[in-house]
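As they're listed, the protein sequences go chains X and R.
Just so we're aligned, residue 389 is where the first sequence starts under our numbering, counting upward by one.
Just so we're aligned, residue 19 is where the second sequence starts under our numbering, counting upward by one.
Keep in mind that the hints are not guaranteed to be accurate.
[What the hints assert, rightly or not] With the Cβ distance kept under 7 Å, some of the chain X side facing chain R (calculated, not the full set): (1) 703; (2) 705; (3) 708.
[Claimed, not checked] Label-pair restraints from in silico Cβ distances: (4) 461/X x 92/R: 43 to 49 Å; (5) 460/X x 104/R: 39 to 45 Å; (6) 42/R x 617/X: 33 to 39 Å; (7) 478/X x 31/R: 39 to 45 Å; (8) 77/R x 698/X: 30 to 36 Å; (9) 617/X x 92/R: 44 to 50 Å; (10) 107/R x 507/X: 25 to 31 Å; (11) 22/R x 607/X: 57 to 63 Å; (12) 97/R x 399/X: 29 to 35 Å; (13) 42/R x 505/X: 38 to 44 Å; (14) 107/R x 433/X: 48 to 54 Å; (15) 702/X x 73/R: 51 to 57 Å; (16) 669/X x 92/R: 31 to 37 Å; (17) 433/X x 73/R: 51 to 57 Å.
[As the list claims (entries may be wrong)] With a cut-off of at most 27 Å between alpha-carbon atoms, the simulated DSS-like pairs for lysine-lysine come out as follows: (18) 74/R x 518/X; (19) 726/X x 78/R; (20) 535/X x 607/X; (21) 93/R x 444/X.
Please keep in mind that the hints were generated in silico from the structure rather than gathered at the bench.
Predicted model only: the values in this text are computed from it and were never measured.
Glycine included, each C-beta is placed from N, C-alpha and C at the ideal position.
Each chain is listed here by its residues.
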Amino acid sequence: MKIEKVLFEDYGKISELNKRNNLITLNKHDWINLWSNNPYFNHTNGWIIGWKLLDKGKIVGACLNIPFIFELRDKEFLAAICNNYVIDKNYRSFSLKLRHLFLNQKGIDLFITNSANTKSEKIMEAFKAKKISQQDYQKRLLFIVNKPKFLFNYIKGLIVKEKNFSRKNNFQYIKEEEVKNKNITFHLKENFDNDFIQLTKELNNFSNLRSSKKLEWLKWKYNQYIERKKFFVIKIYKGQNFVGFIAMISNIEKKYSFKKLTIVEIVISDKENDLLNDSMKYCIDVSKKFNFDVIDVIGYKKSKRIILEKLGFIKKKSKNFNFLVKSTNSQLDFELFKNKENLDLSLTDGDNIFYLD
Amino acid sequence: MDIKNIINTSIDEFNNSQDQYEIYKKNDFLLLGEGSALDSLAIVNFLTKLDKNIFKESKKDLDLMNKIFSRQENKFTLLDLEELLKNNI
Numbered sequence: 389m390k391i392e393k394v395l396f397e398d399y400g401k402i403s404e405l406n407k408r409n410n411l412i413t414l415n416k417h418d419w420i421n422l423w424s425n426n427p428y429f430n431h432t433n434g435w436i437i438g439w440k441l442l443d444k445g446k447i448v449g450a451c452l453n454i455p456f457i458f459e460l461r462d463k464e465f466l467a468a469i470c471n472n473y474v475i476d477k478n479y480r481s482f483s484l485k486l487r488h489l490f491l492n493q494k495g496i497d498l499f500i501t502n503s504a505n506t507k508s509e510k511i512m513e514a515f516k517a518k519k520i521s522q523q524d525y526q527k528r529l530l531f532i533v534n535k536p537k538f539l540f541n542y543i544k545g546l547i548v549k550e551k552n553f554s555r556k557n558n559f560q561y562i563k564e565e566e567v568k569n570k571n572i573t574f575h576l577k578e579n580f581d582n583d584f585i586q587l588t589k590e591l592n593n594f595s596n597l598r599s600s601k602k603l604e605w606l607k608w609k610y611n612q613y614i615e616r617k618k619f620f621v622i623k624i625y626k627g628q629n630f631v632g633f634i635a636m637i638s639n640i641e642k643k644y645s646f647k648k649l650t651i652v653e654i655v656i657s658d659k660e661n662d663l664l665n666d667s668m669k670y671c672i673d674v675s676k677k678f679n680f681d682v683i684d685v686i687g688y689k690k691s692k693r694i695i696l697e698k699l700g701f702i703k704k705k706s707k708n709f710n711f712l713v714k715s716t717n718s719q720l721d722f723e724l725f726k727n728k729e730n731l732d733l734s735l736t737d738g739d740n741i742f743y744l745d
Numbered sequence: 019m020d021i022k023n024i025i026n027t028s029i030d031e032f033n034n035s036q037d038q039y040e041i042y043k044k045n046d047f048l049l050l051g052e053g054s055a056l057d058s059l060a061i062v063n064f065l066t067k068l069d070k071n072i073f074k075e076s077k078k079d080l081d082l083m084n085k086i087f088s089r090q091e092n093k094f095t096l097l098d099l100e101e102l103l104k105n106n107i
């Protein structure tokens with residue numbers, strides 16, 4: 389048995405490994421993009437893209453490693469995001485060695501997994517990682533846009549266990565538009581533009597820990613959805629000032645065949661938090677206009693979640709959203725493990741964000 | 019502190035906590051490596067119990083998992099575990 393660094397050429401063998409273990413693999417272009425266009429990877433040497441466990445040349449296990457930058461009050465922190473942690477059944481005792489290699493890289497502030505199942509959660513905890521303290525992180529918020537269809541498909545999904553729904557994506561593509569509401573204007577766009585450079589500079593002094601909102605990071609993270617026209621961003625203007633944005637991805641909830649709009653970014657200055665209510669109302673309007681069945685939100689801090697709940701979002705507990713972190717930077721311990729009400733992490737702060745399609 | 023005794027107590031706790039795996043109190047019992055009868059979660063469960071028992075006795079947080087996996091050798095037996103604890107407590 390050997391453990392070696394993963395190379396881009398390993399894509400095919402890792403896909404086969406994933407297939408044997410019922411795990412989704414991104415297509416090759418999107419998979420390579422995780423590193424090749426990653427703003428940190430591009431400016432550094434020596435980042436390891438992952439580790440593979442080999443038995444006579446066959447890849448029987450892998451743990452991939454994606455760099456993210458997190459920001460808090462003008463400071464940047466380097467994070468390693470665990471991705472594609474999978475081992476063939478007969479080699480599972482070696483999985484701990486792979487996890488150890490991931491969690492013991494030098495010069496990293498945060499080691500993160502936000503796609504852990506119960507088993508890998510226990511393993512992470514044994515290596516001194518902890519669950520974030522964020523209130524209700526595991527309770528997704530759902531807004532049911534099309535109630536009759538939601539009920540019908542939900543009941544059908546409970547009765548028909550086999551996933552034999554039609555998967556035709558009869559998307560009515562969202563079209564760009566501009567809507568004015570008193571002093572507030574919403575611009576619905578299909579991509580980020582250069583206005584985001586200035587906005588993220590203005591919002592640089594983030595009071596909440598979160599993955600970088602710099603334009604280069606946003607473009608990298610959402611590239612696969614932007615290319616497939618499944619990404620939308622609402623630019624929020626107060627008067628003439630660009631003060632925030634909400635980003636969304638359209639996707640299909642496979643089990644129940646719902647057309648779903650997943651909110652992946654809610655970035656509004658804390659001073660302008662009143663705008664969130666109006667912005668979310670506009671979001672609901674967009675979802676109705678373009679025939680979505682449900683809006684889905686995972687994570688976000690208490691003050692944002694209260695606004696969403698008042699608008700009719702309902703809580704649904706999910707086992708799949710375990711967010712675990714091993715921190716080597718004591719400056720972040722309070723934020724991650726004690727700041728229960730103000731921690732503002734979401735899907736976008738880990739590798740779950742790449743698997744919404 | 020009797021390290022052997024702590025290991026044996028932890029083995030008993032582990033064996034009594036589930037039916038799927040059994041750790042035998044033999045020096046050459048293979049905890050980790052090719053041919054080990056334990057899967058990753060079983061190892062984690064055993065080492066977590068051991069970590070707790072060591073902390074109870076010595077008030078030392080050993081971070082046992084990281085110590086064990088920092089070793090270069092592929093195989094790790096109960097005797098190796100005893101040696102590692104003797105060198106770290």
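Legend entry - Satisfaction of the hinted span 29 to 35 Å by the C-beta atoms belonging to residue 97/R and residue 399/X: violated, 42 Å
Inset, instruction - For residue 460/X and residue 104/R, compare the CB-CB distance with the range 39 to 45 Å and indicate the outcome. - result: holds, 42 Å
Legend entry - Verdict for residue 461/X, residue 92/R (Cβ pair) under range 43 to 49 Å: The hinted range 43 to 49 Å holds for residue 461/X and residue 92/R, with Cβ atoms some 45 Å apart.
Legend entry - residue 107/R versus residue 507/X beta-carbon gap, inside 25 to 31 Å or not: With Cβ atoms ~29 Å apart, the hint holds.
Legend entry - Satisfaction of the hinted span 38 to 44 Å by the C-beta atoms belonging to residue 42/R and residue 505/X: Once the Cβ atoms are compared, 30 Å apart, the range 38 to 44 Å for residue 505/X and residue 42/R is violated.
Legend entry - Beta-carbon spacing of residue 433/X to residue 73/R - inside the hinted bounds 51 to 57 Å or not: violated, 40 Å
Legend entry - 27 Å limit on alpha-carbon distance, applied to hinted pair residue 726/X and residue 78/R: OK: residue 726/X and residue 78/R at ~24 Å, within 27 Å.
Legend entry - Range agreement (Cβ of residue 433/X with Cβ of residue 107/R, hint 48 to 54 Å): violated, 40 Å
Inset, instruction - For the range 30 to 36 Å, tell me whether the beta carbons of residue 77/R and residue 698/X fit it or not. - result: Given about 49 Å between the Cβ atoms, the range is violated.
Inset, instruction - Determine whether the Cβ-Cβ distance between residue 669/X and residue 92/R falls within the hinted range of 31 to 37 Å. - result: 59 Å Cβ-Cβ, so the 31 to 37 Å window is violated.
Inset, instruction - Indicate whether the distance between the beta carbons of residue 478/X and residue 31/R respects the range 39 to 45 Å. - result: About 27 Å separates the Cβ atoms of residue 478/X and residue 31/R, which means 39 to 45 Å is violated.
Legend entry - Status of the residue 705/X interface restraint (C-beta, 7 Å, chain R): violated, 23 Å
Hints 1, 2, 3, 6, 7, 8, 12, 13, 14, 15, 16, 17, 20 from the earlier list are contradicted by this structure; the remaining hints agree with it.
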